[in-house]
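Protein chains in written order, with my numbering: chain A, 3 to 246; chain B, 6 to 269.
One should not assume that every hint holds.
Under the rule of at most 27 Å between Cα atoms (straight-line distance), these lysine-lysine pairs were calculated in the DSS-like manner [said to hold, decoys possible]: (1) B:K142 with B:K255; (2) B:K96 with A:K156; (3) A:K239 with B:K96; (4) A:K186 with A:K73; (5) B:K13 with B:K255; (6) B:K30 with B:K17; (7) B:K30 with A:K156; (8) B:K16 with B:K109; (9) B:K30 with B:K16; (10) B:K17 with A:K73; (11) B:K30 with A:K240; (12) A:K186 with B:K17; (13) B:K30 with B:K96; (14) A:K156 with B:K120; (15) B:K238 with A:K156; (16) A:K156 with A:K231; (17) A:K73 with B:K96; (18) A:K239 with A:K73.
Bear in mind the hints are in silico, worked out from the structure with no lab data behind them.
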Amino acid sequence: MLEYRVEIALWAISGIIPFFMLNIWTNNNLNESINISDVLLSRYFLCAFFVRQFSVVWVVFSFEEDSLMGKVSPYLIQPLNPFFRYFAQHLAEQITRFPFALIIAFFFFIFNPESIWIPNLGILLLSIVSTFLSFLIQFLIQSIVACLCFWTEKASSIERLLFIPTLFFSGLLAPVVSFPEYVKSWIYLTPFPYLIDFPANLLSGNETNISGGLSMQILWIFLLFPLFKKIWSEGTKKYTAMGS
Amino acid sequence: MNLRKYLKVYKKFFHTSLASELEYKTNILVDLITAILSLIGSIFLLSIFFQNNGYIGGWKFEQALIIQGIYTILNGITNTWFNPNLTEIVKHIREGTLDFVLLKPIDSQFFISLKKINPSGFLEIMLGFFLLLFCIKINQINLSLSFLTLSLITISCSICILYSLWFFISTTTIWFVKTWNAIEVLRSFLYIGRFPLNSFSFSLRVFFSVFIPIAFITTIPSEVFLGLSQLWKILLEVIVASVFLITSRKFWLYALKFYSSASS
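Can you make the complete structure from the sequences, with help from the hints?
Next comes the structure, spelled out in structure tokens:
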């Protein structure tokens, strides 16, 4: 992973959309109407950036390529589910990304010195846990989509479709509190707000229901995991190597 | 004569790649749904910004929709032509197949920029177009010949700038080999094009008009739509677009001197 330093640095930069959004929010004083101060909002978006950096998942693209290239066949013979391989890859890249994310945060604090804060240790640990849970949810969802490769070959377009609600409802572009009532009434039942909004609120010290959020995350993992196992066992039965 | 030859070749490109893309019919259907949802999502986000404010950066909601419309058209063009072709450059260079492109008796930039097509982008272009028509209605814009020519000129300039940016980054593959992530960075910057330039702080505004001219891509055509744009801005956009086009061309020819095929 360390071989691709520039790659990973660019990856980190490509995640700075939350900062542009923050700029729109504060520059137009939009946050006054939702009762979040400038400082808390800037912390929120910084945390959203961090959570996004450590919960990005691209397993469907790797799996699709491997399956089209016929690399999945040797993986299947091995006594380990190939998704563990991708899982380890993701974790390794997250660790390499950490210093770059810190550099970006450093620059952020130079421009916004008033938003510096130190979360207490308990909150920090809890938000690391919830970021990891968010990563797990996304990894499971994408693995389920990736398993559709067994049927359709090009599963990445389904992933691009699922990415749209993730982008707009997860809180990456606007905190979920700011959503209109008719969306807020049902959004908390879907997995989306727990992907970015919940861990970011937790870390930035904004108001949030900690036990409720964590239990919803765990609930979604318990719902998705059996689904993944099911679709995986169905898919491998269906699997025929390319050209056979 | 030359132009005719290129037109003929382009027709062939169009047919072959359309035929091969239509092999994946469900894929196209899913992409169509994605395009529609993506537009709905952007309008939803915009409505959040406007729910308690009448103006953002001096733009009303109805006016900001014009920017969305133009962005959607440009994004459709990106998805139809730039994305499938220019990401292919990376593959050409990694696998050394650029050799075959260079050997062909046709301009290499033409070949690698227009070889492929992704039909699902067409729907986005159409969606953006309908949104623009709707905006013309709700903003009560008078259609006149000068309005049409000016908006056509500015939008084609935007397309040229956008193309040059994509082509420029893809060309750097010759040195860096893997530029996927540089393209991701460009994508995330282009995202800004969905919002009026004036809604950002001064420093970002300078950054997005001087270093990466995203300001020119959507804001100036939208101002032309509203009849707000001054002549110097339009002229500036034309100049910027031609400078970008010429530089990207020169840069490609320069970069080719450094191309040494794979494993040599």
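Status of the hints after comparison with the structure:
no., hint, in the structure
1, B:K142 with B:K255, "43 Å, violated"
2, B:K96 with A:K156, "19 Å, holds"
3, A:K239 with B:K96, "33 Å, violated"
4, A:K186 with A:K73, "44 Å, violated"
5, B:K13 with B:K255, "25 Å, holds"
6, B:K30 with B:K17, "21 Å, holds"
7, B:K30 with A:K156, "11 Å, holds"
8, B:K16 with B:K109, "17 Å, holds"
9, B:K30 with B:K16, "22 Å, holds"
10, B:K17 with A:K73, "34 Å, violated"
11, B:K30 with A:K240, "21 Å, holds"
12, A:K186 with B:K17, "51 Å, violated"
13, B:K30 with B:K96, "24 Å, holds"
14, A:K156 with B:K120, "21 Å, holds"
15, B:K238 with A:K156, "44 Å, violated"
16, A:K156 with A:K231, "20 Å, holds"
17, A:K73 with B:K96, "19 Å, holds"
18, A:K239 with A:K73, "17 Å, holds"
In summary, the numbered hints that this structure violates are 1, 3, 4, 10, 12 and 15.
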